Structure formats: C-alpha cells, structure tokens
Amino acid sequence: MAQIPLEHILLLSAALFSLGLLAVITKRHAVVVLMGIELIFNAANLNLVAFSRHDPALLQGQLFSLFVILVAAAEAAVALAIVLRVYQHFKTAHVSEVVSAENQ
Amino acid sequence: MLFYIFAVLAVISGAYMVLTRNLLYAGFSLLITLLSVAGIYVLLFADFVAVTQLMVYVGGVLVLILFGIMLSSRVQDKSVRSESGNKVWGTLVAGLVLVGLGYTILQADVAALPWLQEAGAELPGEQKSTVQLIGIKLMTDVVLPFEVASLLLLIALIGAAYIATDKQKGS
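Keeping their order, the protein sequence lines are chains S and E. Counting with the working numbering, you get residues 1 to 104 for the letters of the first sequence. Counting with the working numbering, you get residues 1001 to 1171 for the letters of the second sequence.
In short, the hints are calculated from the structure, not lab data. In this text, all values refer to a predicted model and were calculated from it rather than measured experimentally. Where hints are given, some of them may not hold.
To be verified - Negatives, chain S to chain E, calculated, CB over 10 Å:
hint	residue
1	45
2	101
3	102
4	103
Claimed, not checked - In the EDC-like style, the derived pairs of lysine to aspartate or glutamate whose C-alpha atoms are separated by at most 20 Å in a straight line are:
hint	chain 1	residue 1	chain 2	residue 2
5	S	91	E	1083
6	E	1087	E	1166
7	E	1128	S	55
8	E	1087	S	97
9	S	91	E	1147
10	E	1137	S	55
11	S	91	S	102
12	E	1137	E	1147
13	E	1128	E	1047
What the hints assert, rightly or not - Derived CB-CB ranges, DEER-like:
hint	chain 1	residue 1	chain 2	residue 2	range
14	S	58	E	1167	42 to 50 Å
15	S	90	E	1114	53 to 61 Å
16	E	1074	S	68	31 to 39 Å
17	S	91	E	1151	31 to 39 Å
All C-beta atoms, glycine included, are put in the ideal place defined by N, C-alpha and C.
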C-alpha cells in the first residue's frame, strides 16, 4: 500500500477544524456547539497521529492524542451537565436566548 | 484508496452536521465522522488510538451528546431544531481559516522536514502493534500525566454529577 501523503492528512484535518469552527460560531443550540468542539478535538488528534506515524520508536504523538481524547471526554461530561442545568433554569438550551434572558 | 473514502465521508458528514437543522441528524452525522476518523487512525498505524476513539468517542461522548439532546429539547414544539445565527460572519471566518490553513500546509512542505526525512526510511511494512509500546510508555515516561489524568477524570465525574443534581428537591 502506498503511503498516504502527509499534506492530505493535514488538509483533511484543516477541513474538519473549519467545519467545527463553523458549527461553534453559527449554531445556537449549546449541544451542537459542543459537537463542533468535538470536531475540533478530532482535527487536532488527526494531526498528532499523522506526525506520530513517522516516530515509531517514541509514539509521542499517539500518547498525546490519548490524553487529548481523555480531556475531551471529561470536558463533554462537565459541559453537558452545565447545559442540562442551564436548560432547567432558563427552559431553553439556545445560547442566544440564554444571553438575552440574562440581560433582562 | 481507502484513506480518501474515509476522508470524503468524514468531511461530508461533518458538513451535514453543520448544515442540518435537526439535532438528532447532527448527532448521527457526528457518529459517521468519528467512525471515519477512527478508520483513518487505523490506516495511520495507530491501532490503540483507533480503538480508544471508538470506545471513548462513539461509545461514550456520542451517547452522552444524544442524551443531552433528548434531555434539553421539547420534542412536541419542534425545538429539536437548531437555528443558525451569525451565518455570514461564521462562514467568512471559517472559510478564511480553511483557506489560510490550506495555503500554509501547501506552502510549508512538511514532508521535507529534517526529522521526517531521517525517520522516513524505516516506514511502512515493519510496523507492529503499538499497544505494547504505548503500555510501556504509559507506565514509564508519561506516568505522571497518566496519574494526573485519572485524577482529572475523577474530578470531572464528581463535578458533573454534582452540577446535574437538582438542588431544590434534594436535601
């Protein structure tokens, strides 16, 4: 099997990062914003693993990506708990509505 | 080639996640994106990371997100929908970031980096499973981050459970 060029992986990762950024900026529902953040984490992980392929003796990239996955899981748990509390308090999980309710 | 199939699948389902207004469809297209990224990890000789991705993301985070969607939406009045705001600015910023990153990556010529040239000789074919090496590394070189990570998970677990409890009813 021919080797995958490094540039293609980096371009895919850039595309995933931009999509995640687009979701974070445009979406109003807090859970979709979290999904965008997960997409950004995945793009970062893809870069780490791609470079780690050239480092088979140390695997620092893969080890770092494991810790990134771990922090992402912890972040998702806490953030979803906060979203649920916000929903119970404001009766909505839409970010803009929460901000306008806070300003009143 | 398999990599490009996974890449196209990841980008298409990621784009669908951004474009769709239905929250559940967004969750399921995120599932396809995560599975494709796991497949790409396998193609990059990162078997342990791929399995971790499947277990933690697909088995854990995605289920959590689906629960979050179900618990924070009223299905009856169609608020399972997610409106988009800042469309112009969001598209502009994300498009500019994509163009800038793509231009940088194409200009950077990463394959010509010195350490990649040195390491590139022993590629591929003789790659073994990374599980044993990662296990050894976790217990020697990165044992302190490993333990701190377990502490972080414990804190996150307690914190999430504490935040999510209903304080008006309890105690």
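Quick rundown of the hints versus the structure:
1. 45: 8 Å, violated
2. 101: 15 Å, holds
3. 102: Given a closest Cβ separation of 16 Å, the condition holds.
4. 103: 16 Å, holds
5. S:91 - E:1083: 16 Å, holds
6. E:1087 - E:1166: Since the Cα atoms of residue 1087 of chain E and residue 1166 of chain E sit roughly 36 Å apart, the hinted pair is violated (cutoff 20 Å).
7. E:1128 - S:55: Holds, because 13 Å separates the two Cα atoms, which is no more than 20 Å.
8. E:1087 - S:97: With a Cα-Cα distance of about 17 Å, the restraint between residue 1087 of chain E and residue 97 of chain S holds, given a limit of 20 Å.
9. S:91 - E:1147: 39 Å, violated
10. E:1137 - S:55: Answer holds: residue 1137 of chain E to residue 55 of chain S is near 14 Å, not above 20 Å.
11. S:91 - S:102: 13 Å, holds
12. E:1137 - E:1147: Holds: residue 1137 of chain E and residue 1147 of chain E sit about 13 Å apart, inside 20 Å.
13. E:1128 - E:1047: 10 Å, holds
14. S:58 - E:1167: 42 to 50 Å: 48 Å Cβ-Cβ, so the 42 to 50 Å window holds.
15. S:90 - E:1114: 53 to 61 Å: 54 Å, holds
16. E:1074 - S:68: 31 to 39 Å: 34 Å, holds
17. S:91 - E:1151: 31 to 39 Å: 35 Å, holds
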